[in-house]
Amino acid sequence: MTDVRPVVELHDLDQLLMLASDEGSAAALRRMGYTLGGVPALVRDRERLVSRIERRWLGWYERSLGRFGRGLTLVRHRVCQGCFVTLPTSAAPPPGEGHLHLCENCGRLLYWS
Amino acid sequence: MAIAEVPSVTGTPLDILELRHRRRETVLQQMAAAAARNGVVRDLDSLVAVLVRRERLGTTALGKGVALTHARSISVVRPFWIVGRAPKGVEWAAPDGEPVQLIVLYLAHHEQSQASHLARLGAAAQALRLQRPRQRLASSDVATAFGLLQGEGS
Chain A
371 MTDVRPVVEL HDLDQLLMLA SDEGSAAALR RMGYTLGGVP ALVRDRERLV
421 SRIERRWLGW YERSLGRFGR GLTLVRHRVC QGCFVTLPTS AAPPPGEGHL
471 HLCENCGRLL YWS
Chain B
368 MAIAEVPSVT GTPLDILELR HRRRETVLQQ MAAAAARNGV VRDLDSLVAV
418 LVRRERLGTT ALGKGVALTH ARSISVVRPF WIVGRAPKGV EWAAPDGEPV
468 QLIVLYLAHH EQSQASHLAR LGAAAQALRL QRPRQRLASS DVATAFGLLQ
518 GEGS
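So the sequences go chain by chain: A and B. Heads up: the first sequence begins at 371 in this note's numbering, then just goes up one per residue. Heads up: the second sequence begins at 368 in this note's numbering, then just goes up one per residue.
Everything labelled a hint here was simulated from the structure, so no lab data went into it. Careful, some of the hints might be misleading.
[What the hints assert, rightly or not] Which chain A residues face chain B? A few, computed with CB under 7 Å, are given here:
1. L383
2. Q385
3. S395
4. L406
5. A411
6. G429
Note that the Cβ used here is the ideal one computed from N, Cα and C, for glycine as well.
Produce the entire structure from the sequences given, and follow the hints as far as they go.
This is the structure:
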């Protein structure tokens, strides 16, 4: 079983990078008084994180990111929050644990906790 | 069930902290832990990681003793604000070189749109730019602080 945390961190980092690289958002942040010079450092962080993720999950992550705009989607009450299909009970993680799952209906990589 | 255990339906999504630490990373950890105590965090370590990376992108200190930091994370269960007060000041690489005494953290759920996230952040940044709301935040209660950060009464 893969470690979930690097994938979760990668998802949040990608959202942050999108915020910083989108021209409109970056301009809005600069108007608020922020500086955004650290993008290259975050790109290096991303490379380090990617090297810690099992190849098969990384493949699903990148596919979800390219296709749906985010690499990871939540499961809430056993429902994929991307396509809203109910997932089988047998796929649920033990209570208190988070795990990765692939939605068989839409192909999104799911974070089920 | 004791009355104290009934969750408030009108509760303000904000907490106020007196900060003990003097280092930026430790303050971020303390604030993230406070959010976790309020039940709005799915994975504390991942949240701390994204907050530290946000600082790596560029300091979130705005000058005049204020930092407005933020995260849009899958580890956040629902939007939440934390106001941290550090009378002794925390070194935050501020553009004016001054330590920060007021740190505001805005946590957004990852499904919140980028536009909505920026709008809330912008309202708070605008309020924090003015002296009066800054002074009021340094001593106000939860409800008043929340109103100030939404741009009310500034």
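Quick rundown of the hints versus the structure:
1. For A/L383, the shortest C-beta to C-beta distance to chain B is roughly 6 Å, which falls under 7 Å, so the interface hint holds.
2. Proximity of A/Q385 to chain B holds as hinted, the smallest CB-CB distance being about 6 Å (cut-off 7 Å).
3. A hinted interface residue such as A/S395 counts as satisfied when its beta carbon comes closer than 7 Å to some beta carbon of chain B; here the least separation is about 6 Å, so the hint holds.
4. At its closest, the beta carbon of A/L406 sits 5 Å from a beta carbon of chain B; the interface hint therefore holds under the 7 Å criterion.
5. Using the Cβ-Cβ criterion of 7 Å, the hint placing A/A411 at the interface with chain B is satisfied: the shortest such distance is roughly 5 Å.
6. Checking A/G429 against chain B by beta carbon gives a least distance of about 19 Å; that is not within 7 Å, so the hint is violated.
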